[in-house]
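**Q** Sequence:
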Amino acid sequence: MLKQRNIALCIIFSIITCGIYSLYWFVCLTDDVNTISKEPGPSGGLALILTIITCGIYGLYWAYKCGEKLDNVKLRQGYPSGNSGILYLILYLFGAIISFAVIQNELNKFSNEQVNY
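Note that the sequence shown covers residues 1 to 117 in UniProt numbering.
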């Protein structure tokens, strides 16, 4: 079962904690996307470490892969999907927290609908 998170509070906590909460949010998003997609991928902690080690370059790949995985979930459920990977990648370039918010919005939709993932 996915945990539904309030996007506004996540952004506020990220700002108040000078980005520390966003690291936790990144880990949670990674684990939730892996859970719902049932596709293999690095855990949230490993993805965070890889992003830090590569000075954010892995984060670009992460954003793209999250979009692909969520698109696959939408296709399996019969919902229309697009190129979310490219959208998340571009949003990540403008600010990682923006892509986090959009990914969390998608995950919240799935948790609301009780999708059979």
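Please note that a few of the clues may not be correct.
Claimed, not checked - What follows is a list of derived Cβ distance ranges for each label pair: (1) Cys55 <-> Cys18: 13 to 21 angstroms; (2) Cys55 <-> Pro80: 31 to 39 angstroms; (3) Gly78 <-> Ile12: 18 to 26 angstroms; (4) Pro80 <-> Ile20: 31 to 39 angstroms; (5) Ser43 <-> Asn72: 16 to 24 angstroms; (6) Ile15 <-> Glu39: 30 to 38 angstroms; (7) Ala8 <-> Ile53: 13 to 21 angstroms.
Derived from the structure by calculation, the hints contain no laboratory data. The beta carbon of each residue, even a glycine, is placed where N, CA and C say it ideally should be.
**Q** With reference to the structure, classify each hint as holding or not holding.
**A** Now for the hints, and whether the structure bears them out:
1. Cys55 <-> Cys18: 13 to 21 angstroms: 18 angstroms, holds
2. Cys55 <-> Pro80: 31 to 39 angstroms: Since the Cβ atoms of Cys55 and Pro80 sit about 36 angstroms apart, the hinted range of 31 to 39 angstroms holds.
3. Gly78 <-> Ile12: 18 to 26 angstroms: Check failed, 35 angstroms falls outside 18 to 26 angstroms.
4. Pro80 <-> Ile20: 31 to 39 angstroms: 37 angstroms, holds
5. Ser43 <-> Asn72: 16 to 24 angstroms: 19 angstroms, holds
6. Ile15 <-> Glu39: 30 to 38 angstroms: 32 angstroms, holds
7. Ala8 <-> Ile53: 13 to 21 angstroms: At 31 angstroms between Cβs, range violated.
Violated hints for the displayed structure, listed by number in ascending order: 3 and 7.
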